[in-house]
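Once you've looked at the hints, dock chain B against the given chain A.
Residue numbers (this note's numbering), protein chains in the order written: chain A, 8 to 726; chain B, 8 to 88.
Don't read these hints as lab results, they were simulated from the structure. Certain hints may be false.
Derived DSS-like pairs (lysine-lysine); straight-line CA-CA distance at most 30 Å [claimed, not checked]: (1) A:Lys295 / B:Lys23; (2) B:Lys23 / A:Lys314; (3) A:Lys262 / B:Lys38; (4) A:Lys273 / B:Lys13; (5) B:Lys13 / A:Lys328; (6) A:Lys673 / B:Lys13; (7) A:Lys268 / B:Lys23; (8) A:Lys663 / A:Lys673; (9) B:Lys13 / A:Lys295; (10) A:Lys530 / B:Lys38; (11) B:Lys38 / A:Lys328; (12) B:Lys23 / A:Lys273; (13) B:Lys13 / A:Lys530; (14) A:Lys273 / B:Lys38; (15) A:Lys327 / A:Lys483; (16) A:Lys327 / B:Lys13; (17) A:Lys327 / B:Lys38; (18) A:Lys262 / B:Lys13; (19) B:Lys13 / A:Lys314.
What you are looking at is a predicted structure, and each value in this text was computed from that prediction instead of being measured.
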Amino acid sequence: MEILRQINYKLAKVVGGYTDRILRVDLGTQEIIIQELPPDFKNKYIGGRGYALKLIWDGTTRETRSNSPDNILVMASGPLGNEPGFPGTGKFIVGTISPLTDTFVDSNVGGHFGPLLKLTGFDALAVSGISKEDVVILVDGDAQTISIAAAPIYDKEIDEGALSFGQRLLKDVNGGEYSDCLAAVTAGKGACNARFGIVNSLFFDRRRNRIRSKQAGRGGTGTVMRSKGLRGIVVRSSLSKVNGNNAIDKEGVRKAGSQLKEVVSKSDPEQLHLSAWGTPVLSEYMDKFHLFPINNYQYGQSPESSKLFANVFLDRYFSKKIPDGCYYGCNLACAKGAENVELTRGPKAGQKVGIDGPEYETVGAVCCMGIFDPHFVMEYNWYCDEYGIDTISTGVTIGFFMECFERGLLSADDIGYELTFGNIEAADRLLHEIAIAKGFGKVAGQGVSRGKKWVAEKYAARNGTSEDTAIAELNKFAMEVKGLEFSMYITKESLAQQGGYGFALKGPQHDEAWLIFIDQVHKELPTFGDKANALKWFPLIRTWFNATGLCKLPWIDVRNPEAASTDEPAKNLPTLAHYVNYLNATTGSNKNLQDILDDSERLYILQKLINLRQGKGTRAHDQIPLRALGPAYFNEYESRAEYYDGWLQEQLGDNKVPASPEQRHKLLLEKRIEAYQQLSDIVYEKKGFTSEGIPKRETVEKFALMDEQARQLLDEFGV
Amino acid sequence: MVVSIKFFGMQRVVTKTDGIDMPITERTRVKDVLEYVRHQYPDLNLDEGITLITVNQEIASLDRIIRANDTVSFLPFLSGG
Numbered sequence: 008m009e010i011l012r013q014i015n016y017k018l019a020k021v022v023g024g025y026t027d028r029i030l031r032v033d034l035g036t037q038e039i040i041i042q043e044l045p046p047d048f049k050n051k052y053i054g055g056r057g058y059a060l061k062l063i064w065d066g067t068t069r070e071t072r073s074n075s076p077d078n079i080l081v082m083a084s085g086p087l088g089n090e091p092g093f094p095g096t097g098k099f100i101v102g103t104i105s106p107l108t109d110t111f112v113d114s115n116v117g118g119h120f121g122p123l124l125k126l127t128g129f130d131a132l133a134v135s136g137i138s139k140e141d142v143v144i145l146v147d148g149d150a151q152t153i154s155i156a157a158a159p160i161y162d163k164e165i166d167e168g169a170l171s172f173g174q175r176l177l178k179d180v181n182g183g184e185y186s187d188c189l190a191a192v193t194a195g196k197g198a199c200n201a202r203f204g205i206v207n208s209l210f211f212d213r214r215r216n217r218i219r220s221k222q223a224g225r226g227g228t229g230t231v232m233r234s235k236g237l238r239g240i241v242v243r244s245s246l247s248k249v250n251g252n253n254a255i256d257k258e259g260v261r262k263a264g265s266q267l268k269e270v271v272s273k274s275d276p277e278q279l280h281l282s283a284w285g286t287p288v289l290s291e292y293m294d295k296f297h298l299f300p301i302n303n304y305q306y307g308q309s310p311e312s313s314k315l316f317a318n319v320f321l322d323r324y325f326s327k328k329i330p331d332g333c334y335y336g337c338n339l340a341c342a343k344g345a346e347n348v349e350l351t352r353g354p355k356a357g358q359k360v361g362i363d364g365p366e367y368e369t370v371g372a373v374c375c376m377g378i379f380d381p382h383f384v385m386e387y388n389w390y391c392d393e394y395g396i397d398t399i400s401t402g403v404t405i406g407f408f409m410e411c412f413e414r415g416l417l418s419a420d421d422i423g424y425e426l427t428f429g430n431i432e433a434a435d436r437l438l439h440e441i442a443i444a445k446g447f448g449k450v451a452g453q454g455v456s457r458g459k460k461w462v463a464e465k466y467a468a469r470n471g472t473s474e475d476t477a478i479a480e481l482n483k484f485a486m487e488v489k490g491l492e493f494s495m496y497i498t499k500e501s502l503a504q505q506g507g508y509g510f511a512l513k514g515p516q517h518d519e520a521w522l523i524f525i526d527q528v529h530k531e532l533p534t535f536g537d538k539a540n541a542l543k544w545f546p547l548i549r550t551w552f553n554a555t556g557l558c559k560l561p562w563i564d565v566r567n568p569e570a571a572s573t574d575e576p577a578k579n580l581p582t583l584a585h586y587v588n589y590l591n592a593t594t595g596s597n598k599n600l601q602d603i604l605d606d607s608e609r610l611y612i613l614q615k616l617i618n619l620r621q622g623k624g625t626r627a628h629d630q631i632p633l634r635a636l637g638p639a640y641f642n643e644y645e646s647r648a649e650y651y652d653g654w655l656q657e658q659l660g661d662n663k664v665p666a667s668p669e670q671r672h673k674l675l676l677e678k679r680i681e682a683y684q685q686l687s688d689i690v691y692e693k694k695g696f697t698s699e700g701i702p703k704r705e706t707v708e709k710f711a712l713m714d715e716q717a718r719q720l721l722d723e724f725g726v
Numbered sequence: 008m009v010v011s012i013k014f015f016g017m018q019r020v021v022t023k024t025d026g027i028d029m030p031i032t033e034r035t036r037v038k039d040v041l042e043y044v045r046h047q048y049p050d051l052n053l054d055e056g057i058t059l060i061t062v063n064q065e066i067a068s069l070d071r072i073i074r075a076n077d078t079v080s081f082l083p084f085l086s087g088g
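Next up, chain A with everything else stripped away, as it sits in the complex (with noise of 0.2 Å):
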């Protein structure tokens, strides 16, 4: 491997869980820097996804794009990541400036990375620049070097797949042969030609004796690192992961580890069961509750939708005898894989391959495009990630663009064949066009929201309407907000969910709220001010998991049988205590769960200002589709009828609901879209935003972030 730039280092130790250094890495200048933080930046900035929103809030400008050079790609684990003595601390975060988007997006991902990262002394690796040719980056915590190297060229097959390409670097960089010392990140082919490309997170797995992979699926952070001519990261140390945080009261992580792991051994096997099924286990519970994204959103539930549940895949696919973890120590281990299955498509038709998963989110992108084949799921799940592309965002543009041919809005010439839901030659056929920029696959790899206006175009020029009348049907069921594609839940009987996409940060990803069945189904959130404040708080309570290293699962998909017998059983604290004592042992910090709130909710202002500044951050941002309100077309309407004509029974009281179908269905809607902006205001005011949804001076002042740069996007906005 040709080495363009190295520098030597010492080693920094690690304290609490914080090295307090960041590795800056210019791929335009190949100048690589260690900064040294000042002492109060982790009191800020937590770790994770606060270190990522304060090197872009500083770093970038309004101007700013994806592929700008000034844009910076941050990884970061935090402060309580790397501890096998706590379930689920192999999280870091991948931050940036996305190209969906056009504001800060960061999407989390398991593996070893973050923590190997961490022990070659660095709490986050911060990517800037734009290199002149293909490069990779080693931090070899060992020999205490850290290199930016020309990409190595192995042959074309491999040197186009993202888990191919780090399967062979991995090898490459320590003599031929795997390590559970190294890990790496890479992207692959599609990541160039898709917004939506994908950070694989790749690690050693010995029970398995393959390198297995994560993925940062959300928001095209692999679209940003291939457009800094970045192919991969590798890191290594073979420092012990045992007390690799170095906490500050040790018996106090070993005791907070084994209580959290008491409840997750004894309740997950009686309840989800992740460690067997994975989160596939889902997809039944979707379906039974009409939240199966099903043909673009447009019906929750169907009789085929077994075909999908996760029994399936765990008899057919899953090797049932392996725990799972995707780090040390975490007994829910809920990363199900594969081993040895057949490709039948594309251009690995008769390969075998290891597949790691599919995931729920994976399974709901298939069924959007109205396929319901567990063998297409699984080929699907290993070439999005070969290509490196997220398989939500390609399902959910697929599935746009079919219900655009179905309606009429394309046509087969627009699109070179039909677009049809259910039909898997032409949604194969498309993901691979995505990946490889061809046909149609350059429209689409664009995604939904772009896709939109070039529909619009052609279906104007077509028809002879103008572009905001096709715009506007389009509108009714593209899947988007804020330029990013739904994740794989149905919101039309949940308000406090609709909320939960519509005034996330990142756009519509459930990672900031998903509170579906708390609203819906256990009927906890009956006011528009329960909703409101279930909204402000889930969204801190999320944030700080992002910002920490951790993984939310053992938390918030593992009901700790005392919550019952608390006030909200919702947000489970019985386990979240134990979280709130992992921190305090680790760092040596003496807070409670609101100082907890207080630090997330620093960031999430700091996010907001962020949106803001780039064009994204006021109510009109905070707009969600007709289709997530309710049944955009009467369809929809007609097969869930008996439900919808409850709920307007419910709101009108005594008045008298409509005679005809039509007219409830129009009512509906406007109904709808009334609560919708009703909510906005409620929530809106909890979280010390205007009506028009920017923070107000206080809030920013309260969180020490009226920096020049606030002043001046306040002033700006009139706030």
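Same frame as chain A, now just chain B:
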């Protein structure tokens, strides 16, 4: 008169069925259905702290009267990954 009881996820593994019917009277309540299922499947953990009982997809109290052709489900708490 019967009530339909549906099983999901791990419950299907324990019970080895998608669902069963239970004969009811006009006085049968949700708690009677719960006891019936516990008796039929002692290995199925339906403790209050980890199970949500729904009737016709709506959360139900233990005292709710069951009607003919109702569907009862025992669900884990779902909070979104």
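Hey, Lys295 (chain A) versus Lys23 (chain B), does the alpha-carbon distance stay inside 30 Å? 19 Å, holds
Below or equal to 30 Å on CA atoms is what counts here, so check Lys327 (chain A) against Lys483 (chain A). 43 Å, violated
Taking 30 Å as the top limit, are the C-alpha atoms of Lys13 (chain B) and Lys328 (chain A) close enough? Status holds; Cα separation ~28 Å.
Given the hint that Lys23 (chain B) pairs with Lys314 (chain A), test it: the Cα-Cα distance must not exceed 30 Å. Holds, at about 18 Å.
Verify the proposed pairing of Lys38 (chain B) with Lys328 (chain A), using a straight-line Cα cut of 30 Å. Violated, at roughly 37 Å.
Keeping to a limit of 30 Å between CA atoms, is the pair of Lys327 (chain A) and Lys38 (chain B) held or broken? 36 Å, violated
Restraint check for Lys13 (chain B) with Lys295 (chain A), where alpha carbons must lie at most 30 Å apart: 11 Å, holds
Between Lys268 (chain A) and Lys23 (chain B), is the straight-line Cα distance small enough, at 30 Å or below? Holds. Lys268 (chain A) to Lys23 (chain B) sits at ~29 Å (cutoff 30 Å).
Holds or violated: Lys530 (chain A) and Lys38 (chain B), Cα atoms, limit 30 Å. 20 Å, holds
Taken at face value, is the distance from the CA of Lys38 (chain B) to the CA of Lys262 (chain A) at most 30 Å? Violated, at roughly 38 Å.
If you draw a straight line from the CA of Lys273 (chain A) to the CA of Lys38 (chain B), is it 30 Å or shorter? Holds, at roughly 25 Å.
Check whether the Cα positions of Lys273 (chain A) and Lys13 (chain B) lie no farther apart than 30 Å. It holds: about 24 Å lies between the C-alpha atoms, which stays within 30 Å.
In summary, the numbered hints that this structure violates are 3, 6, 11, 15, 17, 18.
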